[in-house]
Structures are given as structure tokens and as C-alpha cells.
Amino acid sequence: MGKYVVKRLLYMVLVFLIVSLLMYAIYNLIPTDPARAQLEPLKRSLRPAEYEKRYEQLRHQMGLDAPLVVRYARWMGFVPDVNGKFDGLLEGNLGYSQLYKTDVAEVIPIRMKNTIFINIFSTIIALAITIPLGIYCAVHKRGKFDSSVQVLTIIGYSIPIYIIGLIFIWFFAVTMGWLPVSGIETPGNHFTGFRAFLDKTYYLILPVLVMTVGSLGGMTRYVRAAMIDSLSMDYIRTARAKGLREKVVIYSHAWRNALLPVITVIIGWFISIFSGSLIIENMFGLNGMGQLYYQGLMNNDYELALAIQMFYIIISLVGQLITDLSYGLVDPRVRVDK
Amino acid sequence: MKKNLSKVLALVLALVLVLAAFTGCKKDGKNDPGKTPTGTRENKIIYGSTTEVSGDLGNAWWSNNATDKLIRDLIDDYSVIVFDQGGQMVVNTTVAEEVSDVVMNDDGTATYTVKIKEGLKFNNGTPITAADFVAYSLVAYSPATLEAGATMYADTVVGAQDYQDGTTKVLSGVRLLDEYTYSISITPDYAQYYFGLSYASLSPIYLPLYSSAALTVKDDGEGVYLDGGELNADEINASRYVYADRVSAGPYTLKSLDVGTLVTTLEINPNYAGNFEGQKPSIKTIVLVKAEDETMMDAFKTGEINFLSQVSEGEQINAALDMVEDGGFDYCHYTRNGYGKIQFQCDFGPTQFTAVRQAVAYLLDRNEFATTFCGGYGSVVHAAYSTAQWMYQDSEELFNEKLNTYAYDPAKAIEVLEADGWVLDAEGNDYVSGVRYKEVSPEEAGDYALNVTLDDGRILMPLHIMWASSEGNSVSDLLVTMLANGQQTADAGMVIEQNVMTFTELLNWMYRDTSVGEQYGVPTYGMYNLATGFAEVYDYSFNFASDPESPYVEMGYNTNYIFDKELDDLSMDMVYDAAPGDDAAYLDYYQKFIIRFNELLPDLALYCNDYHTFFPSWLKGYEESSLWDFQKAIIYASIEGAK
Chain A
1 MGKYVVKRLL YMVLVFLIVS LLMYAIYNLI PTDPARAQLE PLKRSLRPAE YEKRYEQLRH
61 QMGLDAPLVV RYARWMGFVP DVNGKFDGLL EGNLGYSQLY KTDVAEVIPI RMKNTIFINI
121 FSTIIALAIT IPLGIYCAVH KRGKFDSSVQ VLTIIGYSIP IYIIGLIFIW FFAVTMGWLP
181 VSGIETPGNH FTGFRAFLDK TYYLILPVLV MTVGSLGGMT RYVRAAMIDS LSMDYIRTAR
241 AKGLREKVVI YSHAWRNALL PVITVIIGWF ISIFSGSLII ENMFGLNGMG QLYYQGLMNN
301 DYELALAIQM FYIIISLVGQ LITDLSYGLV DPRVRVDK
Chain B
1 MKKNLSKVLA LVLALVLVLA AFTGCKKDGK NDPGKTPTGT RENKIIYGST TEVSGDLGNA
61 WWSNNATDKL IRDLIDDYSV IVFDQGGQMV VNTTVAEEVS DVVMNDDGTA TYTVKIKEGL
121 KFNNGTPITA ADFVAYSLVA YSPATLEAGA TMYADTVVGA QDYQDGTTKV LSGVRLLDEY
181 TYSISITPDY AQYYFGLSYA SLSPIYLPLY SSAALTVKDD GEGVYLDGGE LNADEINASR
241 YVYADRVSAG PYTLKSLDVG TLVTTLEINP NYAGNFEGQK PSIKTIVLVK AEDETMMDAF
301 KTGEINFLSQ VSEGEQINAA LDMVEDGGFD YCHYTRNGYG KIQFQCDFGP TQFTAVRQAV
361 AYLLDRNEFA TTFCGGYGSV VHAAYSTAQW MYQDSEELFN EKLNTYAYDP AKAIEVLEAD
421 GWVLDAEGND YVSGVRYKEV SPEEAGDYAL NVTLDDGRIL MPLHIMWASS EGNSVSDLLV
481 TMLANGQQTA DAGMVIEQNV MTFTELLNWM YRDTSVGEQY GVPTYGMYNL ATGFAEVYDY
541 SFNFASDPES PYVEMGYNTN YIFDKELDDL SMDMVYDAAP GDDAAYLDYY QKFIIRFNEL
601 LPDLALYCND YHTFFPSWLK GYEESSLWDF QKAIIYASIE GAK
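Those sequence lines, one after another, are chains A and B.
Each residue of the first sequence is one higher than the one before, counting from 1 in our numbering.
Each residue of the second sequence is one higher than the one before, counting from 1 in our numbering.
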């Protein structure tokens with residue numbers, strides 16, 4: 001097991017390096033000049049000589065005069081930067097955000113916190129609804145309830161989350177006035193402790209609701225399908241023939257076996273807790289990772305966008321490892337130590 | 001055990017959600033902003049900005065983020081020179097006892113002496129003296145600030161360049177004359193500048209915010225310097241993000257700024273002496289939140305934000321006007337201080353000829369364009385001006401008489417083209433139909449890729465304009481329909497070929513920026529569509545540099561690549577021949593410049609939006625304009641029946 005994990009970790013490092021080089025090269029193919037972009041607002045107030053001086057200074061500071069490979073090596077921290085220091089990704093320097101005019105490492109944590117706070121609720125609630133619902137539908141296959149759920153999940157699955165969001169805002173916020181349209185907390189509040197937590201939760205009900213509803217369809221259908229497969233197995237018939245209680249048959253025998261395909265998706269969901277939803281965050285004014293990534297791309301802040309992308313690459317590599325390891329835990333037939 | 005734990009967790013989660021919903025629903029009157037009973041209203045407004053606050057409060061030396069600027073404007077004031085409601089530069093008499101007339105020195109420099117009023121205070125009660133104003137220069141031009149990544153240019157103040165380079169610790173161009181008086185000397189290059197008075201303008205800063213050392217401003221007769229330690233880049237950078245107890249001197253004090261929730265709270269500064277008219281704010285709290293385009297209208301309806309600012313889309317304006325009609329809301333509207341335009345590059349291809357640019361103007365029904373694009377809430381201007389400018393208002397009659405409005409007239413387009421020599425076809429015969437050609441000299445022909453060289457050596461240029469338009473742009477879509485694909489354009493023998501690209505790519509072509517690719521150095525597109533806005537200082541100097549070899553052209557100042565001596569001279573003389581404060585001379589040059597601009601058409605203005613700003617009807621006295629934004633207008637506003 002340990003050997004397998006070490007092997008996978010080495011493989012992850014290699015993949016990360018290859019992907020980082022590719023991503024860096026792709027971002028650098030975009031024809032834009034960050035030094036010019038930074039000086040542009042001041043152009044009208046600078047004389048040409050001053051502009052030229054500042055421009056050259058900035059290009060030097062940003063290391064734009066060096067070839068791509070050198071810039072990559074500096075960015076990663078393999079070689080010293082223009083100031084002669086090893087100060088790259090490997091040393092914990094995620095880069096400098098041109099948009100926020102500060103280090104990327106300063107920008108990310110607060111957004112990450114928001115994203116995790118939002119996603120953790122919606123993931124737990126969605127799983128708490130979809131798993132029992134999927135199991136119930138599989139057990140009562142083709143019943144009235146199952147048919148209704150099938151229709152609703154198809155509808156839910158087909159409607160874009162953007163539309164679900166707009167409908168929910170119109171109903172819950174504008175028409176009924178129960179919930180706020182957007183934001184993370186009551187503007188100008190001075191709440192502390194549990195009151196602050198409640199206030200934040202109140203503001204997040206609507207986005208969490210939209211995210212949950214948006215994800216119900218897919219997962220319910222997935223669990224249902226896995227359970228139907230599992231319930232049709234011979235060992236279920238055997239378990240029933242032994243006279244086991246139906247609850248035991250379903251939850252101990254069928255569900256444990258159905259879990260194997262479902263676990264990939266569940267772990268994927270938990271991994272996605274770290275990544276923001278672009279649409280939801282933009283729609284509800286939630287200052288999270290999705291919105292940050294979008295801002296980075298739209299404002300040509302490539303160091304910011306690259307840092308986020310690198311983070312997601314690490315998350316997905318780690319996620320894959322966890323998924324593979326969890327197979328072994330869930331299904332004794334699967335061995336991951338070879 | 002496990003089962004019980006799950007049940008408890010589920011119950012707690014459900015309870016939290018229900019409790020939160022229940023607590024939230026109790027917010028009084030929030031969902032009915034217009035009908036909250038008078039007398040129970042909080043003395044607070046919530047302003048939603050679509051630009052995310054970055055939290056950088058370090059003057060304008062780093063960030064040009066609109067929301068950061070809005071906060072800075074509300075917490076920092078007391079500039080000696082300010083712009084009034086009409087966009088005119090005036091002395092802030094709340095701050096300055098006296099600003100002397102400019103003294104022209106023998107070495108070509110100019111000196112202004114400013115006497116500050118006694119009794120001014122920072123928000124923490126600390127008295128403000130001239131040293132606090134002078135400290136602004138010492139921090140702004142310091143090498144540490146430059147090292148901290150600020151973009152402060154130091155060529156306007158005498159000695160600032162040496163001070164910034166670190167060759168001296170004394171800023172010789174700024175003098176601390178006594179406790180309430182300072183002087184500032186402007187370099188010869190800027191001494192004759194019409195807006196030169198603005199260089200005499202400093203605003204007070206609180207030195208302990210920028211350094212942990214006990215710094216004081218001293219002047220031993222050679223200029224000002226900092227005594228007691230040195231500034232360093234790390235502390236300068238840290239000062240940008242100090243929120244708690246931030247010492248400032250504006251109408252409001254920063255109460256909190258949370259970059260996590262994007263909420264900023266400001267409260268009245270009780271020590272504020274007033275703006276340049278002595279006006280003090282009456283609204284106790286201003287909360288700034290992030291607003292999203294998609295849900296802004298809903299948030300406004302429910303009272304989560306109190307402003308729908310600068311709405312320009314017809315559909316949104318109509319929806320908001322319906323709300324006004326239903327009661328509970330009010331609005332103001334004004335013409336935008338800028339315009340959407342077609343920008344021509346005038347040194348190659350067909351667009352180098354004034355007649356072609358004029359023909360494009362005649363071929364486009366700009367009134368119809370503006371009406372369609374702005375949904376009925378827009379107008380057309382005919383040169384580089386805004387109807388809100390005081391200069392325009394003083395020139396309206398003259399412009400009505402002198403400016404060509406280029407009213408839609410396809411026949412006139414053909415007439416100007418024929419007069420300019422666009423009378424041939426591709427074989428060099430008389431033009432009958434299809435694309436027009438003109439016989440051009442080798443200099444005029446340049447490297448334009450579409451030129452045709454006949455067997456007899458004549459070079460013909462087709463009336464084929466390459467157009468760079470940015471993707472996902474509704475102006476471009478409308479231009480395709482109304483101009484590029486218009487029958488009148490084809491009938492005039494003109495081809496306008498649209499090339500869709502990202503806005504960054506468009507700028508690369510417009511600036512001919514070879515630093516990101518050699519290809520951009522080749523003049524390719526003669527026509528671009530974009531928008532422009534005017535700054536408070538209307539100054540087009542160097543933007544029409546007429547010498548093609550000029551460094552201003554090389555560095556992309558003259559993105560029209562129009563090399564017209566008269567236009568260049570007028571744009572320069574407007575600010576460098578009109579003496580500081582000589583409004584009549586400035587106005588005279590402005591009028592001539594606009595008339596010349598209108599004739600040459602380096603830009604063809606397409607539309608000028610009519611901005612609408614909506615707010616609850618309980619907000620009284622709020623008058624926003626294109627030159628008088630939220631942060632200035634809110635000082636005059638009050639909340640009816642506020643607690």
C-alpha cells in the first residue's frame with residue numbers, strides 16, 4: 001500500500017510538472033503585454049521618456065525580456081528570479097496579481113474560505129437527499145413515486161443552473177421576500193459569533209438551494225441506476241432466500257455493492273468543494289474561487305489564473321489518488337498495493 | 001451510535017437553516033423600500049458597485065479600480081484644487097486660505113504658494129498643518145514608494161526626479177514655509193500648462209500610516225525632507241491595506257472593509273470641515289456592496305441596494321422607469337462624458353484619405369444608430385466632446401453653426417468620394433459598379449496588401465476598409481447591419497470587411513504593439529470600434545503628434561496615426577499656450593480643435609448614452625451628473641425621515 005502511494009505521488013509530481021509547463025506556455029502564447037497593460041492608465045500623464053523608462057523597468061521587473069523556458073523556470077522556482085532569489089511556485093510564491101496589485105497568495109485564501117463554506121453545505125445536503133431518494137426509487141422501481149422522481153430529475157437535469165437561479169431569486173427573494181437576492185452577509189452589520197454565522201447562513205440559503213437543486217437530478221439517477229444493478233444480482237436473491245430482513249438486504253448487501261461506482265462521483269463532489277461555481281458565484285455576488293478565476297481571465301491577470309489552475313491540477317491529482325485508494329476500502333476485491 | 005450521530009447532525013443542519021431563514025425574514029421593511037414608514041428609516045444607504053473592491057486604499061498610485069477609488073474619494077479629501085460640478089478647476093476654499101498667483105522664475109520654473117486654513121483635522125482629531133500636505137509629496141515621490149510598485153511620475157515637480165532616484169533626501173521643489181504655508185515649484189516643461197494649478201494641489205496624509213518610525217517633515221531652506229527615519233517599501237505597501245482605525249481626512253471614515261464579503265462600511269467623519277463649498281454629509285452610514293449585473297434590478301427592487309447607477313440599456317431603463325411610476329423611487333439622468341466611436345487609422349489604406357472617413361460618416365445613419373443601440377436613450381455628438389463639458393456649453397451655438405453633422409446622405413458620400421478621385425474600377429477604367437478604386441502615389445499606396453498595380457505601372461487602391469471589431473460586441477453587430485452590410489455602402493462602391501477578435505487582440509493591432517508579436521507592427525486595420533471617456537482634465541496634448549517619427553507616435557499616443565500639423569498644434573496650444581487660469585484662451589483653442597477634428601474625422605462618434613441613476617424617493621437632494629459622481633453628489637443628499 002505504502003509503495004503504491006509513493007509510486008503514485010512520484011507520478012503526480014511528473015504529471016504536475018508536464019501540465020504546469022504546458023499551461024504556462026499556453027498562457028504565454030496569448031498576445032498581450034502585461035507591462036503595457038499596467039502602464040496604460042497612466043499614459044496620458046506620462047511623457048514619452050518617462051513612459052519608456054517605466055515600461056522598460058516594468059518589463060525587467062516582470063522578467064518579460066527572458067525566453068519562455070527561463071521565465072517558466074523562474075516562475076516554478078527552479079532558477080533565481082531577476083533579483084537573484086529563488087522565489088517561485090516551489091518556494092510558495094504563487095505570483096503577483098496585476099488586477100489586485102498584490103501577491104496571489106494574499107488573494108486566494110479568503111475566496112477559498114467562501115467557496116468551501118458554500119460548497120460544503122450544498123454537497124452535504126445534496127448527498128443527504130439524493131442517496132436515500134435514489135435507493136428508494138431503485139427499491140420501488142416503476143412505482144408512481146419512482147416515475148414522478150424520474151420525470152422531475154430529468155427536468156432538473158436539463159434546466160441550466162442559471163435558469164434555476166433566476167427562477168428561485170424571482171420566487172423566494174423578489175415575490176415572497178423570504179430571502180436576500182445576493183451577497184454574503186447583511187450589509188453594514190456588526191454581528192459577531194453565532195449571530196454572524198446565522199446571518200451568513202441566511203444569505204447562503206438561496207445559493208445553496210439552487211446548487212443543491214441543480215445537482216439533485218444527476219446524482220439521484222446515478223444512485224438509482226447503481227442500486228438497480230446491485231439489486232438484480234444473485235447474492236441479493238440469496239440474501240432474501242436466507243430470510244434476511246429487507247432493510248438488511250438493501251443497506252448491507254445491495255447498497256455496499258452499489259457504492260463502488262457511486263463513490264467516484266461522491267469523492268469528485270467533495271473534491272469540487274474547493275472549486276467555485278462560476279455561475280452561482282457571479283449570480284449571487286459570492287466572492288469565491290470561481291469568480292476569482294473568471295476575473296483573472298477576463299482581466300488578463302494570468303499569474304492569478306495560472307495559480308488557480310495549478311491549484312486545481314493538484315486537487316484533481318490528489319482526488320484521483322483518494323478515489324483509487326477508497327476503492328480498496330469499499331471493495332475488498334480491489335487491491336491497490338500492486 | 002453512528003446512526004444517532006447522523007440524525008443529530010441532520011437535525012442541527014436543518015435547525016440552523018430554518019433559524020437563519022426565520023431570523024432573516026424579520027428584517028423590517030427591507031423588501032418594500034419605497035413604503036417604509038417615515039421616521040423609522042435608518043440613516044444609511046447601500047450602494048451596489050459592479051466592480052469588485054480590491055481593498056487597495058493606497059491613493060491612485062497603484063490601483064485604478066473604480067470601487068477602490070470611490071472609497072478613497074469618500075475617506076480622503078482636502079485637496080487644495082478640486083473640480084466643481086461643471087468640471088472646472090477651482091481652489092478648495094475650505095482647505096486653502098490662499099493660493100498665490102503663479103510666480104514665473106528665471107530658470108523657467110513656476111512656483112505656487114499655498115496657505116492652509118487653520119483648524120482642519122484628521123478623522124482622529126489630529127490637527128492638520130502644511131507639513132501634512134507636504135508629506136504627501138515626500139511619500140509619493142519617495143524611492144520606497146517606487147520600489148513598492150507605485151506608478152508615480154516625478155517630472156512635474158522640481159527636484160522630484162532626483163529625490164525619487166535616491167540621489168538626494170531633500171525634495172527641493174517643495175518648501176515648508178511655516179506651519180500653515182507651503183510652496184511648490186513646477187518644472188519648466190509643465191510651468192506653462194493650463195492645468196498647472198493642479199500641480200500646486202496636495203492633500204494631507206497622516207505620516208504614521210506610512211512608517212513605524214517617528215517621521216517628521218523638516219525644511220532647512222533647501223527643500224523638504226523626512227527626519228527621524230526612512231520610508232521603506234514594505235511599510236508603504238502595508239499602508240494600502242490598513243482598514244482598522246485608518247486615519248484620513250474626508251467626509252467619511254472607514255469603519256470596515258472586508259475583501260471576503262466585498263462589503264465596505266463608511267461612517268460620517270465628525271471632524272470633516274466640508275467640501276470646497278463647505279458642504280458636509282448628512283447620511284450617517286454608507287455601505288458599499290458588490291452588485292451583479294444579472295440580479296442588480298432585483299436587489300434594487302427589494303431594497304438590498306439603493307442605487308441603480310448609470311443604467312444605459314433601454315430595456316433596463318424602461319423597467320426602472322416603470323418602478324418610478326409605481327411610486328417609491330426617483331431618478332436622475334444625464335449624458336455620458338464620453339462616446340462610442342469608430343476610430344480610424346489615418347496613415348495607410350483608404351482611411352488615410354479624409355474623404356473616405358467622411359464618406360463612412362455619410363453612409364451611416366448615426367441618429368438611427370444611437371436610437372437603436374441606446375434603446376431611445378442616447379444622442380449623437382460630432383467630435384471629441386461631451387455635452388456636459390462647460391466648454392461645450394459655452395460653444396454650443398458656434399458648434400451648431402460650424403460643425404458638420406454628417407447627416408445620413410449616401411449621395412453625398414458618393415460625391416465626396418468622386419471628388420477625392422475614387423472614380424476607377426479594378427482595371428483602371430471609369431467606375432460603373434462594384435468596388436471603387438483610386439489611383440494613388442507609391443507613398444500613398446504604402447504596403448497596403450489590397451492594392452493593384454496595373455501593367456502601365458499605375459497603382460490602384462480599392463475602397464476596401466479592413467475593420468477590427470471585438471467579439472461579443474453589440475455595437476459591432478449593429479454596425480454590420482447598418483453599415484458594413486448596408487446596401488448604401490455597396491452602392492457607394494465601398495467594402496468594409498469585419499474581422500472579429502478579442503479586445504486584447506484589437507488593442508495590439510491598434511497600438512501596433514510589436515512587443516507581443518511582429519505581425520502587429522504591420523498596419524492592417526483602418527477601422528476599429530470602441531468607446532472612450534473623458535477625464536476631468538480635458539487634455540489631448542501629444543495625442544495627435546504630427547511627426548511620424550515622434551516618440552509619441554512610437555509609443556502609441558497617437559493611435560489614430562493622423563499627422564495633421566494644425567490638429568497637433570491646436571491640441572498642444574490648448575493646454576500649453578493657454579496660460580494657467582486663462583479660460584478664454586483655452587476655450588478658443590478648444591473650439592478650433594473641435595472644428596478641425598470634426599472636419600478630419602480621426603474618430604467618428606456613434607452614440608452618447610443617456611445615463612439614468614435610480615434611487616429610492618426617500619433620498620432627497622441627490623443630483624448626479626457625468627462630471628459629478630456618486631461620491632461627490634452623496635455629500636449633498638439626505639434621507640427623508642431618517643432616525
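Because the hints were derived from the structure by calculation, they are not lab data.
Since the structure is predicted, the reported quantities are computational estimates derived from the model, not experimental observations.
Each hint should be verified, as a subset may be incorrect.
[Said to hold, decoys possible] Cross-link-like lysine-lysine pairs, in silico, DSS-like; alpha carbons within 30 Å at most:
1. B:Lys-280 x B:Lys-255
2. A:Lys-53 x B:Lys-255
3. A:Lys-200 x B:Lys-643
4. B:Lys-44 x A:Lys-113
5. B:Lys-402 x B:Lys-69
6. B:Lys-44 x A:Lys-200
7. B:Lys-169 x B:Lys-255
8. B:Lys-44 x B:Lys-218
9. B:Lys-69 x B:Lys-412
10. A:Lys-53 x B:Lys-565
11. B:Lys-280 x B:Lys-169
12. A:Lys-113 x B:Lys-169
[Said to hold, decoys possible] Chain B residues, not near chain A, derived (Cβ > 10 Å throughout):
13. Trp-62
14. Thr-265
15. Ala-291
16. Thr-295
17. Asn-429
18. Ala-449
19. Ser-515
20. Met-555
[As the list claims (entries may be wrong)] Computed Cβ-Cβ distance ranges for the label pairs, DEER-style:
21. B:Val-537 x A:Val-15: 50 to 56 Å
22. B:Thr-51 x A:Leu-152: 27 to 33 Å
23. A:Gln-57 x B:Thr-168: 51 to 57 Å
24. B:Thr-51 x A:Gln-61: 37 to 43 Å
All C-beta atoms, glycine included, are put in the ideal place defined by N, C-alpha and C.
Evaluation of the provided hints:
no., hint, in the structure
1, B:Lys-280 x B:Lys-255, "holds, 18 Å"
2, A:Lys-53 x B:Lys-255, "violated, 39 Å"
3, A:Lys-200 x B:Lys-643, "holds, 26 Å"
4, B:Lys-44 x A:Lys-113, "holds, 29 Å"
5, B:Lys-402 x B:Lys-69, "violated, 39 Å"
6, B:Lys-44 x A:Lys-200, "holds, 21 Å"
7, B:Lys-169 x B:Lys-255, "violated, 36 Å"
8, B:Lys-44 x B:Lys-218, "violated, 42 Å"
9, B:Lys-69 x B:Lys-412, "violated, 47 Å"
10, A:Lys-53 x B:Lys-565, "holds, 27 Å"
11, B:Lys-280 x B:Lys-169, "violated, 38 Å"
12, A:Lys-113 x B:Lys-169, "violated, 44 Å"
13, Trp-62, "violated, 5 Å"
14, Thr-265, "violated, 5 Å"
15, Ala-291, "violated, 7 Å"
16, Thr-295, "violated, 5 Å"
17, Asn-429, "holds, 42 Å"
18, Ala-449, "holds, 20 Å"
19, Ser-515, "violated, 5 Å"
20, Met-555, "violated, 5 Å"
21, B:Val-537 x A:Val-15: 50 to 56 Å, "holds, 54 Å"
22, B:Thr-51 x A:Leu-152: 27 to 33 Å, "violated, 40 Å"
23, A:Gln-57 x B:Thr-168: 51 to 57 Å, "violated, 20 Å"
24, B:Thr-51 x A:Gln-61: 37 to 43 Å, "violated, 26 Å"
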